[in-house]
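Novice: Just need the whole structure built from these sequences, with the hints factored in.
Going down the list, the protein sequences come from chains A and B. Just so it is clear: in the first sequence, position 26 is 26 by this note's numbering, and no numbers are missing. Just so it is clear: in the second sequence, position 325 is 1325 by this note's numbering, and no numbers are missing.
Just so you know, not all the hints are guaranteed correct.
[As the list claims (entries may be wrong)] Beyond 12 angstroms from chain A on every Cβ pair, some chain B residues (computed): (1) Gly1101; (2) Lys1190; (3) Leu1327; (4) Pro1329; (5) Ala1367; (6) Met1412.
[Claimed, not checked] Within a straight-line C-alpha distance of at most 20 angstroms, the following computed EDC-like cross-link-like pairs (lysine to aspartate or glutamate) qualify: (7) B:Lys1263 <-> A:Glu196; (8) B:Lys1320 <-> A:Asp50; (9) B:Lys1362 <-> B:Glu1323; (10) A:Lys56 <-> B:Asp1023; (11) B:Lys1244 <-> B:Asp1256; (12) B:Lys1319 <-> A:Asp46; (13) A:Lys158 <-> A:Asp176; (14) B:Lys1056 <-> A:Glu192; (15) A:Lys69 <-> A:Glu142; (16) B:Lys1313 <-> A:Asp127; (17) B:Lys1313 <-> A:Glu123; (18) B:Lys1018 <-> A:Asp176; (19) B:Lys1008 <-> B:Asp1236; (20) A:Lys158 <-> A:Asp136; (21) B:Lys1319 <-> A:Asp127; (22) B:Lys1008 <-> A:Glu196; (23) B:Lys1164 <-> A:Asp162; (24) B:Lys1320 <-> A:Asp58; (25) B:Lys1003 <-> B:Asp1236; (26) B:Lys1018 <-> A:Glu187; (27) A:Lys75 <-> B:Glu1084; (28) A:Lys56 <-> B:Asp1326; (29) B:Lys1319 <-> A:Asp58; (30) B:Lys1190 <-> B:Asp1280; (31) B:Lys1257 <-> A:Glu196; (32) B:Lys1008 <-> A:Glu192; (33) A:Lys168 <-> B:Asp1023; (34) A:Lys75 <-> B:Glu1312.
[What the hints assert, rightly or not] Per label pair, the in silico range of CB-to-CB distance: (35) A:Ala57 <-> B:Asp1268: 55 to 61 angstroms; (36) A:Pro16 <-> B:Asp1254: 53 to 59 angstroms; (37) A:Asn63 <-> B:Gly1363: 56 to 62 angstroms; (38) B:Tyr1161 <-> A:Asp179: 15 to 21 angstroms; (39) A:Gln140 <-> B:Phe1248: 54 to 60 angstroms; (40) B:Asn1176 <-> A:Asn53: 46 to 52 angstroms.
Rather than coming from a laboratory, the hints here were simulated on the basis of the structure. No residue lacks a Cβ here, since even glycine has one placed at the ideal position from N, Cα and C.
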Amino acid sequence: MSKIFQHLISTAVPVPIENIDTDQIIPARFLKATTRDGFGENLFRDWRFDANNQPKADFVLNNSMYSGKVLVAGKNFGCGSSREHAAWAIADYGFKVVVSSFFADIFKNNALNNFILPVQVSEDFLDSIFRAIEADPQTQIEVDLENQFISIKATGEKESFDINPYKKTCLLNGYDDIDYLLSLRQEIGQYETTREFNF
Amino acid sequence: MGKTLFDKIWDSHIVMSKAGYPDAVYINTHFIHEVTSPQAFDGLRKRGIPVFRPQKTRATADHNVPTMDQHLPIKEALSRHQVEMLTKNTAEFGVELYGLGHPYQGIVHVIGPELGITLPGMTIVCGDSHTSTHGAFGAVAFGIGTSEVEQVLATQCILQYKPKRMKIEVNGQLKNGVLSKDIILYIISKISASGATGYFVEYAGEAIRSLSMEARMTICNMSIEMGARGGLIAPDETTFNYIKGREFAPQGADWDKALAYWKTLYSDSDAQFDTILSFDAADIEPQITYGTNPGMGMGVTQHIPALGEVEEKERPSFKKSLEYMDLQPGSALLGKKIDYVFIGSCTNSRIEDLRLVADFVKGKQKAEDVVVWIVPGSKQVEAQAKQEGIDKIFADAGFQLREPGCSACLGMNEDKVPAGMYCISTSNRNFEGRQGPNARTFLASPLTAAAAALTGRVTDVRSL
Ligand code: SF4
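Specialist: Next comes the structure, spelled out in structure tokens:
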């Protein structure tokens, strides 16, 4: 899997809806694939297309004014089903960063495991981003992973974000959790011998 | 200082805790199903490594399977392929499979407990968010993504940050017609769909203690719907009696040893929680959801909030939700006509649920223009229902008793609610399109669903 960027300046796609669950990001009927590829086509499927598979004009992904590598969404993004297909769809569509004021736990892990950076910002900052994009769809958003900040280029508004140091190293270097866990196999075997109730 | 139940289990499963790294947590039982596992097995193949402890993973086919004619090949090509991949992968990697046709097949969160695989003190994961169900036994059980399924297959461990702890007490006694499903829908409606994000929840209090194991599973099942990593309940005599004698439960001397250990599994009286919430069981009436997330619920006799009662910031999402549902802010749901009733899913498809519904509808008929699907959680539940004659009661009432699977809970197979139709469902999610594109879902208890099946309308079960 490709290494994540260290730094990015991009326009953004706003979806100012709260509690976007992973069923909206990728509906269940598209979970039948047995590989990780091609899910981008069905990202937000039922918000993007009507029952006859015609694009819905009022959805942002169908509006050519909006594009970019940053998805900006309302609070509690990625709640519901643990399906990693949601992260695969977001990555496959071409997003590198998702910005929200709050992320569901499992989604956050799934995103990081697929080298998508979830950037959690304050409610106020999120509002500022939405306002800036509304005023100008070409608004540039800057995300700097190394220095852990996000900014709105036009207004200079800036906020720092948290990321766990371990996860940051993984993202910057393209390591995944399995590499680390596999390095612990001896310790795991050792642990198993010490457990009285190793069911 | 004492420890919480969660900490006792978590701490005793840490293989490695290094500064700056997440904990490497040992997993006792790993469940897999056809939808979230194929890419994980592929990952192992790419790395050229085996499943580390194949006997600690159990597989079943549930999400994608038809609920009619399961003895025939699956018609839909992609579903068939996915189920075949599970068969192939489990055979190749030496993992036990309870696939279609196996007497143990069923929804993954129904079969683990009923087979005695799920035990107190365990760590349990599955590539499925409702793994929290198993917490009812006093286990630390939570859902994971496919990359994490691969981690567990490869190392029997998972990397996790320790969540915060929340205690939710439900004190006092439940009123008539109120089930454990109503308790959890009520709690979620009070604290919202994200109210417990970042937490592991322990449920406590008299009203919780008084519940059967199956009713406790319903509560823990929906922990994820308030954002929690998982939920658990300290094991007690009810738990031990349920487990004893089940297929894979410890026996003889092992049982005695296990029991002695399980009796140490409770939160110490001086244990610290990060948050404690208390509710009074007497305040809970039968619940129903009106919106498109499980936090949008209310008592069945209440009104949907008026626009003015919703915080201004939340109004756009609230309006979008009600437009999808084609409901008016401020209106009541009682008497609203419904088209489908779905009794099933890992929340409410166990034998007690079916018995309760059967008792309630015995000798009665469903409303004429309502379709009623009863989908048992497992082959064993189905067999038990037939043995008890419950299938006859359902047939007489005009209900369809189908074969086990996730079914209309997520509409991955043919069991979809048609666009625009209203379904009262005992499942756990009312998301847009969850039960089929443009289908509209009201979540409720099995009793409230059964009442609606008889009247064809949203009904207060206490009035029948
Ligand atoms: S019944 Fe529904 S919630 Fe439960 S495991 Fe199946 S799809 Fe998930």
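Novice: Need the status of pair Lys168 (chain A), Asp1023 (chain B): alpha-carbon distance at most 20 angstroms?
Specialist: 16 angstroms, holds
Novice: Is the distance from the Cβ of Asn1176 (chain B) to the Cβ of Asn53 (chain A) consistent with 46 to 52 angstroms?
Specialist: About 49 angstroms separates the Cβ atoms of Asn1176 (chain B) and Asn53 (chain A), which means 46 to 52 angstroms holds.
Novice: Far enough from chain A: is every CB of that chain over 12 angstroms from the CB of Lys1190 (chain B)?
Specialist: The claim holds: Lys1190 (chain B) sits with its nearest Cβ about 16 angstroms from chain A, beyond 12 angstroms.
Novice: Is the Cβ of Gly1101 (chain B) farther than 12 angstroms from every Cβ of chain A?
Specialist: 20 angstroms, holds
Novice: The hint says 53 to 59 angstroms between Pro16 (chain A) and Asp1254 (chain B); measuring C-beta to C-beta, is that right?
Specialist: 56 angstroms, holds
Novice: Next pair to validate is Lys1056 (chain B) with Glu192 (chain A); report whether the Cα-Cα distance is within 20 angstroms.
Specialist: Distance ~12 angstroms between Lys1056 (chain B) and Glu192 (chain A) Cα, so the pair holds.
Novice: Range first: 15 to 21 angstroms. Now tell me if the beta carbons of Tyr1161 (chain B) and Asp179 (chain A) are that far apart.
Specialist: Distance hint for Tyr1161 (chain B), Asp179 (chain A) holds at roughly 18 angstroms.
Novice: When you take the CB atoms of Ala57 (chain A) and Asp1268 (chain B), is the distance between them in 55 to 61 angstroms?
Specialist: 59 angstroms, holds
Novice: Run the distance test for Lys56 (chain A) versus Asp1326 (chain B): straight-line Cα separation, threshold 20 angstroms.
Specialist: 19 angstroms, holds
Novice: Would you check the hint for Lys56 (chain A) and Asp1023 (chain B), treating anything up to 20 angstroms between C-alpha atoms as holding?
Specialist: Given that 20 angstroms is the threshold and the Cα spacing comes to 45 angstroms, the pair is violated.
Novice: Please verify whether Lys1003 (chain B) and Asp1236 (chain B) have alpha carbons no more than 20 angstroms apart.
Specialist: 18 angstroms, holds
Novice: Between Lys1008 (chain B) and Glu192 (chain A), is the straight-line Cα distance small enough, at 20 angstroms or below?
Specialist: Given pair Lys1008 (chain B), Glu192 (chain A) holds - Cα atoms ~17 angstroms apart, limit 20 angstroms.
Of the numbered hints listed earlier, those contradicted by the structure are 6, 9, 10, 13 and 27.
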